[in-house]
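Dock chain C against the given chain S, drawing on the hints supplied.
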Amino acid sequence: MSTAVRGRVCVQASGFGGDEKRVDSRTIYVGHRPGPATEAFIPPKFCDNRIVSSKYTVWNFLPKNLFEQFRRIANFYFLIIFLVQVIVDTPTSPVTSGLPLFFVITVTAIKQGYEDWLRHKADNEVNKYPVIVLEDGRKESEKIKVGDIVEVMEDETFPCDLILLQSSRDDDTCFVTTASLDGESNHKTHYTVPDTEKDLQSLSATIECEQPQPDLYKFVGRMYIYKTGQDPAVRSLGPENLLLKGATLKNTKKIYGVAVYTGMETKMALNYQGKSQKRSAVEKSINAFLLVYLCILISKAVVCTTLKYVWQSQFGQDEPWYNQKTQKEKDTYVYLKMFTDFLSFMVLFNFIIPVSMYVTVEMQKFLGSFFITWDKDFFDPEIQEGALVNTSDLNEELGQVEYVFTDKTGTLTQNNMEFIECCIDGFQYKNTDSMSELDGFCVTDGPVSKLQQKAGLEKEELFLRALCLCHTVQVKEAGPDEIDEIDGVQVDGLAAGLSQPDEERGFIASSPDEVALVKGAMKHGFTFLGLENKTMKIRNWQNDTEIYELLHVLNFDPVRRRMSVIVRNKSGETLLFCKGADSSIFPRVRPEEVDRIRMHVERNATDGYRTLCVAYKQLSPEEYAVADAGLRDARLALQDREEKLMVVYNQVETEMSLIGATAVEDRLQEEAAETMEALQGAGMKVWVLTGDKMETAKSTCYACRLFQRGTELLELTVRTLEDGGRKREERLHELLLDYHKKAVQDAPPVKAGVTRSWSNSNQEYGFIIDGATLSLVMNPSPDANSSRYKNLFLQICQNCTAVLCCRMAPLQKAQIVKLVKNSKGSPITLSIGDGANDVSMILEAHVGIGIKGKEGRQAVRNSDYAIPKLKHLKKLLLAHGHLYYVRIAHLVQYFFYKNLCFILPQFLYQFFCGYSQQPLYDAAYLTMYNICFTSMPILAYSLLEQHIAIEILLDNATLYREIAKNAMLRWGPFLYWTVLGIYQGLLFFFGVRYLFSNPALQDNGQVFGNWSYGTIVFTVLVFTVTLKLALDTRHWTWINHFVIWGSLAFYVFFSFFWGGIIWPFLRQQRLYFVFANMLSSVSAWLVIILLILLSLLPDILLVVLRKPRGPHARKKKKCQSSAGSSQSSRVSIRPLLMRTFSDESNTVI
Amino acid sequence: MKSEGEFVNQPDNTAFTQQRLPAWQPMLSAGIVIPLFTLIGLAFIGIGVALFITSQNIKVQELDYTGTATSSPCFQCSGLSIQNCTCERNFSLSELFEGPVFFYYGLSNYYQNYRQYGVSKDDYQLSGDTTYFLKPQSYCSPYQYSNNKPIVPCGSIANSMFNDTFRLYLLVNGSRKQVPFDGKGIAWWTDYNIKYRNPSPVNGSFAAAFDGTTKPVNWQKSAYELDPTDQANNGFLNQDFLVWMRRAALPNFRKLYGRITGGDYSQGLPAGNYTLQISYNYPVLSFGGTKKVVFSNVSWMGGKNQFLGIAYLVIGSLCVVMAIVMLIVYAKYKFPDNDDA
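Protein chains in written order, with full-length UniProt numbering: chain S, 1 to 1149; chain C, 1 to 341.
Hints may be right or wrong, so weigh each one.
Lysine-lysine pairs mimicking DSS-like chemistry, simulated, CA-CA at most 27 Å apart [to be verified]:
no., chain 1, residue 1, chain 2, residue 2
1, C, Lys221, C, Lys135
2, S, Lys325, C, Lys332
3, S, Lys328, C, Lys135
4, S, Lys537, S, Lys430
5, C, Lys221, S, Lys325
6, S, Lys325, C, Lys135
7, C, Lys149, S, Lys328
8, C, Lys135, S, Lys330
9, S, Lys330, C, Lys149
Listed next, with one range per pair, are the computed distances between beta-carbon atoms [unchecked claim]:
no., chain 1, residue 1, chain 2, residue 2, range
10, C, Ile32, S, Ala1076, 50 to 60 Å
11, C, Pro270, S, Cys932, 48 to 58 Å
12, S, Tyr976, C, Thr70, 52 to 62 Å
13, S, Gln384, C, Ile32, 44 to 54 Å
14, S, Ala1076, C, Ile53, 23 to 33 Å
15, C, Asn13, S, Asp595, 55 to 65 Å
16, S, Leu99, C, Asn233, 38 to 48 Å
17, C, Ile324, S, Gln314, 48 to 58 Å
18, S, Lys328, C, Asn148, 15 to 25 Å
19, S, Leu83, C, Ile310, 39 to 49 Å
20, C, Ile32, S, Leu83, 43 to 53 Å
21, C, Asp182, S, Phe1053, 30 to 40 Å
Just so you know, these hints were derived from the structure itself, not from any lab. For each residue, glycine too, the CB sits at the ideal point set by N, CA and C.
So that you can see chain S by itself, here it is in the shape it has in the complex (with noise of 0.2 Å):
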C-alpha cells in the first residue's frame, strides 16, 4: 500500500517542483512573503498537508479490489476454472465452483472495504483538523500550505511538520511529546530559531532545508532573516528546531510554527511504510504441494482427454446409435473438440484443488491467533497488557524456529538501571541503599557517610558534579516553575509514595542509565533540580544550590560512545564533562590514570555491569573560544553535518582527566535464563547481538546460561586481531581457519535431539564477535577470498551452542539475520527485541518479535507478534508454535488428501463411462463436500488439537525438535498422506465397483442406477474422511464431538433431505430417494462399513505400532522434569547475576 501512495507523492513532487528543482534542498517563504533578495518571486509549490493512507476510493473499489484479489494465484485459478464452466459444456454447472469462489471473494472484498473505511474515516479526522494559520485564520488542517505559519496549543498534534519560531514559554523552547511516532513518551524539548522577530507578521525570512526525507531525528536547514537594510542573519536549523506531525505539544500553551513539509511528504507520512508480507514456511509447503496438485489434475485430464479419443477410434464408440451427437457436436473441429474435452475434464476434477483450503487456512489463522492475545499467561499486571499479535499469517512458524536473535538490554536485561557503584580515582564506592538487602555497612543518615572517605572530598565531589551535569536528564515538571519541589512529597506522594520524594524526583531521559546515573549521584547527595534557560541547577552537599551555564552539549552517538557537556561555573571556569565506555575514553585521558581504574571497570564488566568512565576537562577562554567557533560552524553546515560535528567533538573531547567509572546493573528479565535454556532444549541457537561491549554482553550471556562453566569460548574481536601485532586480515585468516578447524571439523557429528545434558561429554563452543570484526568478516579487502570468510563463520557459529555478537550497529543485526536466514537449508530465524535499534533485524527476520519494553513502542509496531517479557516467548514458541504448527500442517496434509480420495474415484469413473466426463457424485455433493460436510472438524480440529498438552510441551523443550525443520510438512508425510489418499480413493471405487457387478442389491431384485453408485462412494467417503480425522484428534473437547458426529449426522439428514424432495429448481432429479433407497439395501451398508474399515486399517494400525508418542508416554518425563525445573525456579528467585557470577566470573577471563 505505502508503495502506491508513495508512488503519487513521488510524481506529484517532480510534477509541481519541475527538474530544475529536483536539488537536494527546498527553499521555504516564511509566511508566503518574498525575502528581499529574490528578484522574481516565484511561489514553489509543494504538495498540500492531506494525509491518504486510505487504499480505495468509493469509486476504484470494485476494479482495484478484484484485481488485487485475483493477483493471488489460487483465485485467479477459480476463476479460471469457473469462465471454463461459463464457456465450455462442463460436467459440472458454473455454479459448483462460482458459489464458493463468490463468497471468498465477497469476504475478502468486505473485510477490506471496511479496513479502508476506517483509514478514510481517521484520514478525514486528520485532514479536516481545524487549524489556525496566522495569514488566513482558521482551516482545515488539508489545506495549510508549504510557508504557513501555524499556531498549535497545547495538548494539540502538529499538522505538519513545523519549524518552531515562537514559544509562549519565556526560555524559547517548548515540549512535546513523540509517544504516536516513536512511542517514546518522554518530553523532548525543542528549541525556536534563535533571534527571530517578535512580530511573526513582519518576520521576512526564507528557510533552506533538505528534501523530506523518512529519518525522524534528522534534519538539516538554514534560516535566512531579511531584516531591512542589513545582510541576511543565518541560523541553523536541526531536529531541535522541527516540530514533526503527530507529536504532540506538552506543557507549553502555544507556538508559531512555519509549514516545511506537508502532507505525504511529513516525516510521518515517509514512516508509515507498510511491512512487507512475511510468508511461512508452512505457505511455501503449501504452494510446493499444489504444484503437485496440479500436476497430477492436468495429468488426469491429459489421460482422460488421450484414452477417450484412442476409445472412440475403437469400433462403434465414437457415435453409438443410442447417444447420438448434436449438430454442433458434429460441426467443431476435432482439435477445439480436445481442447474442449480437456478443460472439462479439468473442470471435472479441479475439486483436487480445493478453494476451500485457503479460506479455511485463514480462517484458521485468523481464529487461532486469538488464542495468543487470549492467553493470560501473557498477560503482564505491570503494563496491564497481553500479547499483541501484528501479523497472524506466521502462528506456525513460531514452531519452526532455529534461530533466536536476541537483543540484550530490555530484552534479556529488564533495563531498569540501578546505580550500584562508582570508583572515584581508583576507590571503591558501594552503594547498598538501594539494594533491598540490609547491609550493616551502611548507615542511612547524612549523604557524606555514604561515601568511605578514601579518594579527597575535592574528587569526589568532581565526580558527583559530573555525574549531575553530564547527562541530557530532564526533570519531570508539574508545571513551568519546579513546583514539585515545593510540594514535591504531594506530587510524588500519589505517583510512588513509598520512598522519600526527593528520591523519587521523575526524570525523563531517552536512556535509562542517564537516570540510574543521576538518581545515584543524588543517593550520594548531589542533586539534579533541572534545566532551565540554559542554566543547569545542582544541589550538593551542604544543600546549597550550584548553578552552571550549559554552554554546548556534544550529543551521544553510538560511534563515539561517549558523550559531553560544556558548562561554566559561577566563578567562570569553563568545564568539559565526559561520560562515555571505556573504550572510548581511555585513549583521550591521560594514561597514567588509567590503570587504576580500568581494574574496576573490568572487574565490573565481568559482573554484568554496564561500566561508564567519567572524565573531565577545564577549557582555557581561548581553548573554548575554538571549540566554540567550530561547533557553532559544524551546526550550520547543511551538508555533511555530521561529520564535521564528529571532528569538531573529537577535537575537543582530549586530553582530558579521568576521575572515575561508574557501574550501573541491568538487571536480567524475569526467568531469562530458564526461557534461554528451554530454548537451546528446544534445538533453537541463541544468539545474543547487542550494542553492548563485549564484557557486559558476556556476562549476561553467563547469567542466562547461554554460556555455561564448560562452554569453550572462540573470541574474535578486535582485541584479539590485534594479539599478534600483524594485519588484522591475516590474524583473523589464521583465526577463522583455527576455529573452524576446532568446532566444526573436529567436533562429532551433532545429532538432532540431543539434549544439552546428554551431550556434555562433547565439547560446547561459544561465539563472540563484535561489530568491528564481523565489517571484516562480511565486507573483506578485495584480495581476500571474501566469500570464504563468511562461509567459515557461518560455519563455526552453526556449530556453536551460542553466539555472542557484541557492539553491533543495528544494521549489523539485520544484516547477521540474513546472513543466517539465507544460509544453507534456509533455517527460520527469530528475532526478538525492545528497541527501535533491533527495529531492523525484527523486520528481516522470519518471525519478528517485540517486547512492550520501556525503549518505545517502535518495535513493537514492526514486529510480527508482540509480549510483554521475554519469559513469555517461551511459550509462545514451545506451547503456542509447536501446537500451531502441528495444527496447521494436519490442516494442510489433511485437506490434500481429502481431496484427493475425493476426486480419484471421480478420475476412475471416466474410465467405465466412455471418458464423457460424467461425475460420479452429484453436484450438490460436489459443491458442498468441502464446504459443509468436511470443513468443520477439520477446523474445529485445526483450532483445538492438542497432540501433546501443554503442559508438557513446556515441561520439554526437546518436544520441539520433533517438529523442526517443517518435519510435518515435508515430501515423506506428504507422500505419506498421498499414498493414503490414493489408497483410500482406489478402495472406494472398485469396492463399489464389485458391488456394482450386480447392481440388483434390494431384496425386491430392483436395480440401483449411477447416482446410487456414486451416493454410496461419496457416503463412505465422507466417514472414512472424517473418522481418519477422529483417529487423529488426540484431544476431544465437546467442540470435537460436536462438529465431527455433527458433521455426520449433517450429512446424513442433508441427504435425506436433498433426496426427498422434488425441488422445482433443478432441471434434473438425480437424487431423488436415492439416499433413502440406498439405506434399505443391506448389501449397501455392509459394503459402506466394509470400506470404511478398510480405508481405516493402515492407519490404525499405524496408531499402535508407532512409537507411542501423548499423554501416556510423557507421564513419567514429566515427572522427572518438573522436578529438575521446580528446583531450578526456586534458585532463580535470587538475583540472578549476583548468585550466577560469584560461581562462573572466575571462568570468564
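This is chain C only, laid out in the frame that chain S set:
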C-alpha cells in the same frame, strides 16, 4: 482470580480462551486394539460366512442371445436391416428354481452412463408438465424435435429404450405353456408414484394429452400406447420405461424385466425344458455390445454377489491375524505405554 479480575485488559480466564477445555484423550494402545481387532475380525468372519452362504444359495441362469455366432439361434435376427424378427432360446432346469424368480435383461458395452446421454432428458416433461410437451428442453437435442414436432418423451435415454420383448414357455408334454412375467413393481416405488407423472387426460382421452407431439424416433409405438394390455402401464408410468430411465452405473448392466410369481410358479420355476421367445428389436452389434437375459432369485442381500462375502471373510481373517501378530509383538517387546493401560 478475583484479584486479577481488576485489570481491564486482562484476558478472559475461561477454559476456552485458555485452551483448557476438558478433553477426552483417547489412546489407541495395543491393549485396546488387540481385543477390538479380534472382535471386529470375528464379527466380519461371521457376516462373511452368512453372506457367502447366502450368495452361494442364489441361483442364476444366464442366457446370451446376441446372436453373434452363426450357430446361435438369434443369428438371423442380428442383421442390421431385419425388422420384427423373433428367435428362440431353449434351456432346461434340472431342479426347481426357487422363487420368486426375477427376470433381468442385460446389456454389455452399453454406456448408459455417458454424460451427454445422461442429461438428454426433460424431467419437467416426465413429471407431466404439458408446457414442456410442446417445447422440450434443449438438453434433449438431438432428440428434441422430429419433423418439427416436439418429441415426447424427448432425449436420448427415452429414445434408446430397450424394446426387446420376451415370452417364456415351459415345455410340458411337448406343448408350450406360457410362464407369465409380472411386470409390476420392477421400478422404484418413488419413481412410479412421485417422480414420474403422466399428463392429465384431455377430454377424457389420455392420448389427446400428447396431441401435437411425436413419439421418439426409434419407438415403434407412442408413449401412451406402450402397454396395450394395461391402460395404467402407459405413458411415463410404464414400468419398463421407468426402469430404463434409471441409468445404469456401469457399461455392463442388467435391468429388471419382470418377476415370475403368478399361479403355478409362486414356488419358482419347476424343473423342465423351457423356451424363451425373444422378439429381437434392439441392435447392439453396431457398438460391439451383447445382450443377455438372467433368471435369478434374490435374498436379503439382493442378487448373487460373491464379492461381498469373500471380502468380509478376507478382512475378518486379516483382522484376526493382525490381532495375533500384535499379540505376539506385544508379548515379546512389551509396549512401553501399557504399564498404566
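Structure-based check of each hint:
Straight-line distance between C-alpha atoms of C/Lys221 and C/Lys135 comes to about 21 Å, which keeps the hinted pair within the 27 Å bound. Taking the CA atoms of S/Lys325 and C/Lys332, the gap is near 67 Å; set against the 27 Å cutoff, the hint is violated. Pair hint S/Lys328 plus C/Lys135 holds up; C-alpha atoms about 19 Å apart against a cutoff of 27 Å. As the CA atoms of S/Lys537 and S/Lys430 are separated by approximately 26 Å, the hinted pair is consistent with the 27 Å bound.
The hinted pair formed by C/Lys221 and S/Lys325 meets the criterion: a straight-line CA distance of about 24 Å does not exceed 27 Å. Proposed proximity of S/Lys325 and C/Lys135 is supported: the alpha carbons are some 20 Å apart, at most 27 Å. As the CA atoms of C/Lys149 and S/Lys328 are separated by approximately 20 Å, the hinted pair is consistent with the 27 Å bound. Distance hint between C/Lys135 and S/Lys330 is fulfilled; the C-alpha atoms sit about 23 Å from each other, no more than 27 Å.
Our distance criterion of 27 Å between C-alpha atoms is met by S/Lys330 and C/Lys149, whose separation comes to about 22 Å. Hint check: C/Ile32 to S/Ala1076, Cβ distance near 35 Å, so the stated range 50 to 60 Å is violated. As the Cβ distance of C/Pro270 to S/Cys932 is approximately 55 Å, the hint placing it in 48 to 58 Å holds. Between S/Tyr976 and C/Thr70, the C-beta spacing of about 57 Å keeps the proposed range 52 to 62 Å intact.
Look at S/Gln384 against C/Ile32: about 49 Å separates their beta carbons, and that is inside 44 to 54 Å. Separated by about 29 Å at the C-beta atoms, S/Ala1076 and C/Ile53 satisfy the suggested range of 23 to 33 Å. Between C/Asn13 and S/Asp595 the CB atoms are about 59 Å apart, so this pair conforms to the stated range of 55 to 65 Å. Evaluation of the 38 to 48 Å hint for S/Leu99 and C/Asn233 yields a pass: the beta carbon distance comes to about 42 Å.
C/Ile324 and S/Gln314 have their C-beta atoms about 50 Å apart, which keeps the hinted 48 to 58 Å range intact. Take S/Lys328 and C/Asn148: their Cβ atoms lie about 19 Å apart, and the range 15 to 25 Å holds. At about 48 Å, the beta-carbon gap between S/Leu83 and C/Ile310 stays in the expected band of 39 to 49 Å. Between C/Ile32 and S/Leu83 the CB atoms are about 52 Å apart, so this pair conforms to the stated range of 43 to 53 Å.
Separation of C/Asp182 from S/Phe1053 is about 37 Å and conforms to the stated range, judged on CB atoms against 30 to 40 Å.
Of the numbered hints stated above, those contradicted by the structure are hints 2, 10, listed in ascending order.
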